[in-house]
Amino acid sequence: MATTTDTAGTSRPTLFLRNATGLVKAWSTFDAFLYAFWSVNLVTLGLYGMSFVYTIPDGQLLGAVLLTGVLVTFLVLTYAQLVSAMPRAGGDYAWQSRILGGGVGFVLAITGWWFTLWLWTPIYANILVVQFFAPLAYTLGWTGVATFFGSHTGIFVSCLIVLAFVSWVITLGMEGYAKIQRFCFWLGMGGLVVMLGILLVSSHDAFVNAFNREAASLFGATGNAYQATLDAAKGSTAGVSFGNFGFASTLLLLPFLAFYLLWPVWGATLYGEVRGAKEYRKVFNAMFWGLWITVALVAVIILLIVKTIGWDFYYAANAAYWNSIFVAGSAAPPVPIWPYPVMLAGWLVSNHLFQALLIAVMGLWFFGWAGTLFLSSTRVIFAAAFDRVLPEWAANISAKRRVPYGSLILMIVPSLVVSAIWAYQPSFQGIFLWATGVIAITFLGTVVAAAIMPWRRKDIFENSPIARFRIAGIPVITITGVVSAIFLVFMLAEWSFNAVYGTSFSLNASSPIYFGVTYLAAIVIYLVARTVRKRQGIDLSRIHREIPVE
Amino acid sequence: MRVFYATDLHGSEVCWRKFINAAKFYNADVLICGGDMTGKAMIPIVEDGDSYELTLAGVSQRVGRDQVAEVESQVQRKGYYPVRMTSAQVAELEKDPAKVQTLFTEQMCKTVERWMQLAAEKLKDSKVRVFVAPGNDDEMEIDEVIANAPRVELAEGKMIDIGGYEMISSGWANPTPWHTYREAPEEELTKRMEPMLRDIKDMSRAIFNFHPPPFGTSLDEAPALDENLRPLHGGRALRHVGSTAVREAIDKYQPMLSLHGHIHEGKGITRIGKTLAINPGSAYEEGMLLASIIELDPKKGIKNYQLVNG
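Taken in sequence, the protein lines are chains A and B.
Residue numbers for the first sequence follow the working numbering, so the first one is 1 and each next one is one higher.
Residue numbers for the second sequence follow the working numbering, so the first one is 1001 and each next one is one higher.
Chain A on its own, in the form it takes in the complex (with noise of 0.2 Å):
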């Protein structure tokens, strides 16, 4: 018999324990801390999302990262509670499904962690390539293994890569994961140190000679590179300045800032047990240093680009890449890459062994988070299958490795599918770009759930440990709910309807049908297994439906 006990700032014990199962001691914040930092990866997600800023070139960059995180605050802080209250229903299904109903919470959460998650498999690819391969291929002066991943073909290479990689780490389990994380967090920190060393030593005449050289040396461009890119990008970012500030234009970077910033409650789905409001406090901080010490980094990046590297040079360099892939006539930049901030301050050592080890031991950044792609998928494929309203199968395990083989080829088919239309149909790239948004639509539904808890599911709200958080007697998680769905709105609205970003309805005739097709599919799903399953004698409305008390 052990006795246990908790003095929470009293000097007498005020609780008791006996010897039972799963009384585990707190786990580490620093391990949550480390999944939601790997998700708003501030390399691979942040520095890719931000090179489209210069679009809204009025737009102040640092202003805006500031006001997201300040607004993601407010998600963080709406599923803490969430997590806190209802512990153990794993993430947004669960929540959806519980207190908006079984069909809503099916429909949001398998557009949102299963179809959209296809999307995000060539957008991993992307990343990889245009920070890892193809400047590392360069460096290495290995021309046409960096061209190769420009073509089709290379392109879905680069797309199997990653699923086999993902597929990889899901058959290695979250232990085995959890191992690589913490070594790339480690090791990718270094070389997140050296790049901002170099930064901060360097001056931004070292700059200027520094691409010049390396822009003749690995691309063989002639003349004043830095100026001719400045000139390719002229009509995109004339009057760029870092000191801009239009407040409606640095509103306009937050829907740009969601596609790192706004996912440090990925890891939700995986937080588990939690006990009383100290536990609360655990999670909340975990995702909420997740976000802060990105949003940190993120400032002092941007203001290291401003000094060593120049705004204008680094808004006219994306400019300039981008218009040469999405602009009809516009003519390739004199590095016709992908201009990674890392390989830019890399340059400035001149050595093109130290250039590719620093590319190489970034490119940790992406191994340490690709492995996420999948892994919240996973749950809710076995969730819906539990729940039947998906075929037993998809929760199946093979026997021998513990591998989820129903939800990985639930995965990994439709994956392929897109990453070939990805590849050879970029015509349709435009949906992509809603891989975002589709996920947001997904965390609205579960912001709305948040704030209406305290009335809908009274029993469970007033007997967890947030009942007592309350302002002028609103429940704090009815206040959060209510400002994260007013910023998610607002977000969705602008990638509708603003013809700036490319997911605008106007811009993108495919927009509106690929969310018309995704929202019926998953609503058909939905009623083709509640009808399958009636006539099996299943009725799917009672999984949520609560049993009497009394």
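By construction, these hints were calculated from the structure, which means they are not laboratory data.
Beta carbons are placed, not taken as given, at the ideal position from N, Cα and C, and that holds for glycine.
Please note: incorrect hints may appear among the correct ones.
Subject to a maximum C-alpha distance of 30 Å in a straight line, what follows is the list of computed DSSO-like cross-link-like pairs (lysine-lysine) [unchecked claim]: (1) Lys1274/B x Lys1158/B; (2) Lys400/A x Lys179/A; (3) Lys1252/B x Lys1127/B; (4) Lys534/A x Lys1303/B; (5) Lys1274/B x Lys1303/B; (6) Lys400/A x Lys1191/B; (7) Lys1124/B x Lys1110/B; (8) Lys400/A x Lys1303/B; (9) Lys1274/B x Lys1300/B; (10) Lys1303/B x Lys1122/B; (11) Lys1274/B x Lys534/A; (12) Lys400/A x Lys1110/B; (13) Lys1158/B x Lys1110/B; (14) Lys1024/B x Lys534/A; (15) Lys1124/B x Lys1024/B; (16) Lys1300/B x Lys534/A; (17) Lys458/A x Lys1024/B; (18) Lys1303/B x Lys1127/B; (19) Lys1274/B x Lys400/A; (20) Lys1122/B x Lys458/A; (21) Lys534/A x Lys1110/B; (22) Lys1201/B x Lys1303/B; (23) Lys1191/B x Lys1158/B; (24) Lys1303/B x Lys1252/B; (25) Lys1099/B x Lys1124/B; (26) Lys1201/B x Lys1158/B; (27) Lys1127/B x Lys534/A; (28) Lys1110/B x Lys1201/B.
Pair by pair, the computed Cβ-Cβ distance ranges are [what the hints assert, rightly or not]: (29) Trp393/A x Gly1163/B: 28 to 34 Å; (30) Trp455/A x Arg1198/B: 41 to 47 Å; (31) Pro548/A x Glu1092/B: 46 to 52 Å; (32) Val489/A x Asp1066/B: 27 to 33 Å; (33) Ala1147/B x Gln536/A: 37 to 43 Å; (34) Gln536/A x Gly1164/B: 18 to 24 Å; (35) Arg545/A x Asp1251/B: 32 to 38 Å; (36) Val413/A x Ala1147/B: 51 to 57 Å; (37) Thr171/A x Lys1299/B: 36 to 42 Å; (38) Trp393/A x Val1059/B: 43 to 49 Å; (39) Asp1066/B x Val70/A: 42 to 48 Å.
Chain A is fixed; fit chain B onto it per the hints.
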């Protein structure tokens, strides 16, 4: 025949009430509680003049005499035992683990007795059969309380015929890091199962009701712990912790159905050869009754099944 199976209620008053009410709510013919009925913690509600002090979920509060019953009910809802005492009694318990153990046993038996009475009242006009097989967290003393209950049958160690289906039950588990009350090495678990297995006439109509899930399935994955019982990697790293004895029994005898609990995170359904194995998981702390409804058919065996969050 409709079977309603829930497990690991861990002292939650709300979950027990829901379990009993599930008979009417789901039109169930048989209710099975898979073990671990008793709570893990005792909360002292300390008398201080006209008021009482307690700390629940890390939050300290002081309530008046008129509110104390309400907070006791909140404590019970979470699966803990509320005990009114003076600060001197708290200090005495702190010094003497044996007294804590005695008080725990007393509280557990008292609560299980009340639950048995509740079942008798709620099911007095019903034909539903209710079975309980205490789990590894349940102390031995509660067996007698259940055995004496008028409307609940103690299933531990027996082969019971339920409408033509043969069910064998055991709440004993393979060793855990917490050294609980019904743990034994795998070989001993096999020995405990053997007499019951011999009693089964037709495995194609047999139900195994074993608290620990079979090893190496999706039903037995729990957070990996370090030597200080701290979850590794933020609780994300999972390991198989089920029973190899249970797994071998299922592999060898291939019963129609195998019901499990023990691993709250291991909610799921899996097939091991011809056997459908289920662990409905547990969310007792939320007052939510995770359960499974299994429809049995004389011709088809298992007609259908469903996990529910009642």
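Fill in: Pair hint lysine 1274/B and lysine 400/A, alpha-carbon separation not exceeding 30 Å
holds (18 Å)
Item to complete: Decide if the proposed pair is consistent with the structure: lysine 1191/B and lysine 1158/B, CA atoms, cutoff 30 Å inclusive.
Response: holds (14 Å)
Item to complete: Given the range 41 to 47 Å, decide if the beta-carbon distance of tryptophan 455/A to arginine 1198/B lies inside it.
Response: Once the Cβ atoms are compared, 56 Å apart, the range 41 to 47 Å for arginine 1198/B and tryptophan 455/A is violated.
Worksheet item: Holds or violated: are the alpha carbons of lysine 1158/B and lysine 1110/B at most 30 Å from each other?
Response: With a Cα-Cα distance of about 25 Å, the restraint between lysine 1158/B and lysine 1110/B holds, given a limit of 30 Å.
Fill in: Hint consistency between lysine 1274/B and lysine 534/A [alpha-carbon to alpha-carbon, up to 30 Å]
holds (24 Å)
Worksheet item: Do the Cβ positions of valine 413/A and alanine 1147/B conform to the proposed distance bound of 51 to 57 Å?
Response: This hint holds: roughly 54 Å between Cβ atoms.
Practice prompt. Take the C-beta atom of arginine 545/A and the C-beta atom of aspartate 1251/B, compute their distance, and say whether it sits inside 32 to 38 Å.
Written response: holds (36 Å)
Practice prompt. Take the C-alpha atoms of lysine 1303/B and lysine 1122/B, compute the straight-line distance between them, and say whether it is at most 30 Å.
Written response: holds (28 Å)
Worksheet item: Does lysine 534/A lie within 30 Å of lysine 1024/B when you go C-alpha to C-alpha?
Response: Measuring from Cα to Cα gives roughly 20 Å; hence the hint holds.
Worksheet item: lysine 534/A and lysine 1110/B: Cα distance at most 30 Å?
Response: Violated. Lysine 534/A to lysine 1110/B sits at ~43 Å, over the 30 Å cutoff.
Worksheet item: Would the pair lysine 1252/B and lysine 1127/B pass a check requiring their Cα atoms to be no farther apart than 30 Å?
Response: Since the Cα atoms of lysine 1252/B and lysine 1127/B sit roughly 34 Å apart, the hinted pair is violated (cutoff 30 Å).
Worksheet entry | Restraint check for lysine 1274/B with lysine 1303/B, where alpha carbons must lie at most 30 Å apart | holds (14 Å)
Checked against the numbered hints given earlier, this structure breaks hints 3, 12, 21, 25, 28, 30, 31, 32; the rest are met.
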